[in-house]
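Participant: Sequence:
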Amino acid sequence: MTSTQDFGFPPPEEVPGFFIFDKMHAPRPIHPLSSDLVVDTLARGFTEAQAEYDCPVVTGSITANCYFYLGFNPHPDPAVIEDRMTRYPGFIDKTVPLVGKRWTEEWLPMIRARNEAERDRDYDVLSDEEVFTRYFDMCRWMEEMWYIHGHINFALISGTALSDFYDAVMQPADPTESYQILQGYHTRPVDAAHGLWTLSRRVKADPALQTLFDATHPRDLKAALAATEAGQAFLAELDAYLHDFGWRSDAVYNLADPTWVDDPAIPLGNIARYVPMGDADDPMIAFEASVARREDRTAAIRARLADDPDRLATFERLLGYSQYAYPLTEDHAFYIDQMGVALLRRCVRVLGQRLAARGCLEDGDDIFYLYDRDVREAMANDTDLKPLVIERKAYYQACCEIEPLPFIGTPPPPPTPGAWVDPFVDSLVTRLLGVKPPPEGAQDENLIDGVAGSPGICTGTARVVRSLAEAGELQDGEIMVCEMTLPPWVPMFAIAGAVVADVGGIMSHCAIVAREFGVPAVVGSVDGTSRIRTGQTITVDGTNGNVYLDGRPL
Numbered sequence: 237m238t239s240t241q242d243f244g245f246p247p248p249e250e251v252p253g254f255f256i257f258d259k260m261h262a263p264r265p266i267h268p269l270s271s272d273l274v275v276d277t278l279a280r281g282f283t284e285a286q287a288e289y290d291c292p293v294v295t296g297s298i299t300a301n302c303y304f305y306l307g308f309n310p311h312p313d314p315a316v317i318e319d320r321m322t323r324y325p326g327f328i329d330k331t332v333p334l335v336g337k338r339w340t341e342e343w344l345p346m347i348r349a350r351n352e353a354e355r356d357r358d359y360d361v362l363s364d365e366e367v368f369t370r371y372f373d374m375c376r377w378m379e380e381m382w383y384i385h386g387h388i389n390f391a392l393i394s395g396t397a398l399s400d401f402y403d404a405v406m407q408p409a410d411p412t413e414s415y416q417i418l419q420g421y422h423t424r425p426v427d428a429a430h431g432l433w434t435l436s437r438r439v440k441a442d443p444a445l446q447t448l449f450d451a452t453h454p455r456d457l458k459a460a461l462a463a464t465e466a467g468q469a470f471l472a473e474l475d476a477y478l479h480d481f482g483w484r485s486d487a488v489y490n491l492a493d494p495t496w497v498d499d500p501a502i503p504l505g506n507i508a509r510y511v512p513m514g515d516a517d518d519p520m521i522a523f524e525a526s527v528a529r530r531e532d533r534t535a536a537i538r539a540r541l542a543d544d545p546d547r548l549a550t551f552e553r554l555l556g557y558s559q560y561a562y563p564l565t566e567d568h569a570f571y572i573d574q575m576g577v578a579l580l581r582r583c584v585r586v587l588g589q590r591l592a593a594r595g596c597l598e599d600g601d602d603i604f605y606l607y608d609r610d611v612r613e614a615m616a617n618d619t620d621l622k623p624l625v626i627e628r629k630a631y632y633q634a635c636c637e638i639e640p641l642p643f644i645g646t647p648p649p650p651p652t653p654g655a656w657v658d659p660f661v662d663s664l665v666t667r668l669l670g671v672k673p674p675p676e677g678a679q680d681e682n683l684i685d686g687v688a689g690s691p692g693i694c695t696g697t698a699r700v701v702r703s704l705a706e707a708g709e710l711q712d713g714e715i716m717v718c719e720m721t722l723p724p725w726v727p728m729f730a731i732a733g734a735v736v737a738d739v740g741g742i743m744s745h746c747a748i749v750a751r752e753f754g755v756p757a758v759v760g761s762v763d764g765t766s767r768i769r770t771g772q773t774i775t776v777d778g779t780n781g782n783v784y785l786d787g788r789p790l
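Numbering-wise, the numbering used here puts 300 at position 64 of the sequence shown, and it's gapless, one number per residue.
Hints may be right or wrong, so weigh each one.
Claimed, not checked - Computed spacing ranges between beta-carbons, pair by pair:
{"no.": "1", "residue 1": "Asp532", "residue 2": "Glu639", "range": "43 to 49 Å"}
{"no.": "2", "residue 1": "Thr447", "residue 2": "Lys672", "range": "45 to 51 Å"}
{"no.": "3", "residue 1": "Pro545", "residue 2": "Gly754", "range": "33 to 39 Å"}
{"no.": "4", "residue 1": "Arg540", "residue 2": "Arg769", "range": "42 to 48 Å"}
Read the hints as simulated data drawn from the structure, not as lab findings.
All C-beta atoms in this analysis are idealised placements derived from N, C-alpha and C, irrespective of residue type, glycine included.
Can you make the complete structure from the sequences, with help from the hints?
Facilitator: Below is the structure:
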């Protein structure tokens, strides 16, 4: 990696607040068009929604050397903060419980209908001008979806309120126990994982297909399957699966990243990993166990509060809110972060092909190296942007060789003991994203102090997996050390003995799935993928959030 000193990340005094490298959603450099159409739009949509709750926090985005930094900082005008704080705490109590219901009854039907219409759109019959119009419409639609997403962020508060109430009543030794009461609800990612498993059983039942999967690398499987009659039939089933679940990629916020629809090597690789597994490894069994744990925890706290009707009523109220809110924390990512961005990518690629045909670009996918203003200039004037793309490509490739800073700006001071804590910031920034103050003083070189994600202890061999393309190297029982996980990573949890993730909090996707699979996990390690080497023996203490690099037994 090239030193960051050669690339001029902005110094703290030039950054208006504190911004973290969002490795969870953009683990690698993003292209210029993604900066405009995805992350800057996200920041505006979130901020607009936050203002409607009188939230005194604004969302900001900074793209530095092609890396996306996300910030949740106080409004720059102290008078606005003072005014909003007169209403904000009470407004949260009244409106946040309604977010889950609004998603189910209002936003989800609209988003699903729009996504399905865009997914099925035939761009081949559209003129250049009609494609240009679709581009404008999709940009506006992306803004609207991020605005809705900004509302959904507040739904996390319902879950944290229930978790905190459970902790106060039950006082469990395991810090992750209270979050088990939020899990075990049916979601689209559950459907997606089940669909891959079903396809793997199809392969396992056909000796010819199983032989083909055993002998072929995932990147070559599509061509190999297309060469046989049985393989063609299987590809038809895979296409049906991808029609519903293929609108996702390994890097959520980068439009240039191929989706599963574009390149099915990743889902085929996941299927290949499932094929040798027995029926006991069915992810639905892990899901059903998660349901059972939720029901057990619910029954236990009801029994504890049986003689305290007021607190029992509070619990039932919080539980009701969370039953709406928790599933949408997974489903919104399926419909907005993944499918919404993937469908925008589809439109952008078609537009790029049209601009290439008009001589503006050498290749259609070069459009990702443009900013929105460049795209509109080319659409209006057929501007030759090929020299600009060459320059941007060189810069992008150079950025890929550097190690980004974990944050830019000035970290906020630690909260004053006993002071009011903003539940929005606590839920989203601390418990979901896992942001915490940088460590001070000398650190133990054999210890990574992360966030407890899923209980349990595991000593084993580490394998650093920076992308799903590398995940095929993970061996049964190895400790998966990754930057982050999202729903496409679920099959890896059936293989890993434990998980260490650079980013994420106790409510992150990685922590949630690890708990469902009963796999010890430490999230928010910050630099686990840099400090841990493949083949190294390490110990993961998921209960206390520690990783021991010397593999010490506990």
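Participant: With respect to the beta-carbon atoms only, verify the hint that Arg540 and Arg769 lie 42 to 48 Å apart.
Facilitator: Given a distance of about 46 Å, which is inside 42 to 48 Å, the answer is holds.
Participant: State, for the Cβ atoms of Thr447 and Lys672, whether the hinted interval 45 to 51 Å holds or is violated.
Facilitator: The hint (45 to 51 Å, Cβ to Cβ) holds, given that Thr447 and Lys672 are roughly 49 Å apart.
Participant: Tell me if the beta carbons of Pro545 and Gly754 are separated by a distance inside 33 to 39 Å.
Facilitator: Holds, at about 35 Å.
Participant: Please test the hint of 43 to 49 Å on the beta carbon pair from Asp532 and Glu639.
Facilitator: holds, 44 Å
Taken one by one, the earlier hints all hold for this structure without exception.
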